[in-house]
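If you're matching them up, the sequences are chains A and B in order.
Note that this note's numbering numbers the first sequence so that position 108 is 94, with each residue one more than the last.
Note that this note's numbering numbers the second sequence so that position 103 is 89, with each residue one more than the last.
One or more hints might be untrue.
If the Cβ cut is set under 8 Å, some of the chain A residues that face chain B in the computed set are [stated by the list, open to error]:
no., residue
1, -2
2, 16
3, 35
4, 47
5, 48
6, 75
7, 76
8, 86
9, 101
For each label pair, taking beta carbons as the anchor points, the in silico distance ranges come out as [stated by the list, open to error]:
no., chain 1, residue 1, chain 2, residue 2, range
10, A, 65, B, 73, 31 to 39 Å
11, B, 103, A, 16, 41 to 49 Å
12, A, 10, B, 92, 22 to 30 Å
13, B, 10, A, 77, 41 to 49 Å
14, A, 57, B, 81, 23 to 31 Å
15, B, 58, A, 35, 27 to 35 Å
16, B, 57, A, 51, 51 to 59 Å
17, B, 57, A, 16, 45 to 53 Å
18, A, 102, B, 77, 16 to 24 Å
19, B, 47, A, 32, 36 to 44 Å
20, B, 96, A, 88, 25 to 33 Å
21, B, 85, A, 102, 41 to 49 Å
Everything labelled a hint here was simulated from the structure, so no lab data went into it.
By construction, the Cβ of each residue, glycine as well, lies at the ideal position given by its N, Cα and C atoms.
There are 2 protein chains.
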Amino acid sequence: MADSKNSNPRLRVLMGSAIAIGPGKADLVDAIHRTGSISGAAREMGMSYRRAWLLVEAMNRSFIDPLIEASTGGRGGGGARVTDHGHAILKRYRDMESKAAASVEPEMKEFAALLAPDFTSDFPDD
Amino acid sequence: MADSKNSNPRLRVLMGSAIAIGPGKADLVDAIHRTGSISGAAREMGMSYRRAWLLVEAMNRSFIDPLIEASTGGRGGGGARVTDHGHAILKRYRDMESKAAASVEPEMKEFAALLAPDFTSDFPDD
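Required output: the full structure, derived from the provided sequences and hints.
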């Protein structure tokens, strides 16, 4: 059983094959909201500024309106804010995530019993 | 509208930061079952043999019993089969996915209307 770990199995919900928004992007939007900039969010999430910027670009192009507005200010220098549209998208996403996760809660409990208790990986690919 | 896209939710089961099973690994198990080998599955999925092998290794170590049994046969030469345990895990995973998808079907329809109609991404990171 996996109860001895602080890392109980978690379920993440990915929406779509071309992933317009997923766990990582949603967390990035939250971090931009918290820190007020893409660079601050990148730092908080331990990713490069370039990667965060690319994720923001991809996200903005995925939806009918941008989720993030960045003010130009030189290399990593400008601020960024989450638009009303971005907040609305994020809320819808989080709501779907919770509902989907709740719908399979009993199954996840059973599934957790099949996981090796001491598994760790530095190859966190899907 | 994004109706032409597969926008069904997909699930990832994480243990800590490690992904025990997710969309890519599940598809890999299917491909191994179809092709009878890790190399065949890798080819079908357009990934390197090494990458497929690492994913299989990680998966096998994530669960209490291995999902894939490979017979050694030189570099990429041996066959591989999905164990009964592997089939059972995959079925549980797919069932959870279907149930989660059904639970947010109305919300997903609304969400799809917010996606840019021409969105495609070659940066399908989450």
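Each hint tested on the structure:
Residue-level restraint check for residue -2(A) holds (minimum Cβ-Cβ distance to chain B is 4 Å; threshold 8 Å). Against a cut-off of 8 Å between C-beta atoms, the interface hint on residue 16(A) is violated, since the closest Cβ of chain B lies about 14 Å away. At its closest, the beta carbon of residue 35(A) sits 15 Å from a beta carbon of chain B; the interface hint therefore is violated under the 8 Å criterion. For residue 47(A), the interface hint holds, the least distance from its beta-carbon to any beta-carbon of chain B being 6 Å, beneath 8 Å.
The criterion of a C-beta within 8 Å of any C-beta in chain B is met by residue 48(A), whose closest approach is roughly 5 Å, and the hint holds. Because the smallest distance between the Cβ of residue 75(A) and any Cβ of chain B comes to about 6 Å, under 8 Å, the interface hint for this residue holds. With a least beta-carbon distance of about 12 Å to chain B, the hint placing residue 76(A) at the interface is violated under the 8 Å criterion. Satisfaction of the interface hint for residue 86(A) is found here, the shortest Cβ-Cβ separation to chain B being roughly 4 Å, below the 8 Å cut-off.
Residue-level restraint check for residue 101(A) holds (minimum Cβ-Cβ distance to chain B is 6 Å; threshold 8 Å). Judged by the Cβ atoms, the range 31 to 39 Å given for residue 65(A) and residue 73(B) is violated: they are separated by roughly 52 Å. Distance hint check: the CB atoms of residue 103(B) and residue 16(A) are about 27 Å apart, inconsistent with the given range 41 to 49 Å. A C-beta distance of roughly 25 Å is found between residue 10(A) and residue 92(B), which places it inside the suggested range of 22 to 30 Å.
Between residue 10(B) and residue 77(A) the C-beta distance comes to about 28 Å, which lies outside the given range of 41 to 49 Å. Restraint check, residue 57(A) to residue 81(B): a C-beta distance of roughly 47 Å breaks the suggested window 23 to 31 Å. Here the CB-CB span from residue 58(B) to residue 35(A) is close to 45 Å, at odds with the stated 27 to 35 Å. At about 54 Å, the CB distance of residue 57(B) to residue 51(A) agrees with the hint of 51 to 59 Å.
At about 47 Å, the CB distance of residue 57(B) to residue 16(A) agrees with the hint of 45 to 53 Å. The hinted window of 16 to 24 Å between residue 102(A) and residue 77(B) holds, with their beta carbons roughly 19 Å apart. At about 25 Å, the beta-carbon gap between residue 47(B) and residue 32(A) misses the expected band of 36 to 44 Å. The supplied range of 25 to 33 Å is broken by residue 96(B) and residue 88(A), whose beta-carbon atoms lie about 19 Å from each other.
Taking the beta carbon of each, residue 85(B) and residue 102(A) are about 24 Å apart, not inside 41 to 49 Å as hinted.
Comparing the model with each earlier hint shows violations of hints 2, 3, 7, 10, 11, 13, 14, 15, 19, 20, 21; every other hint is respected.
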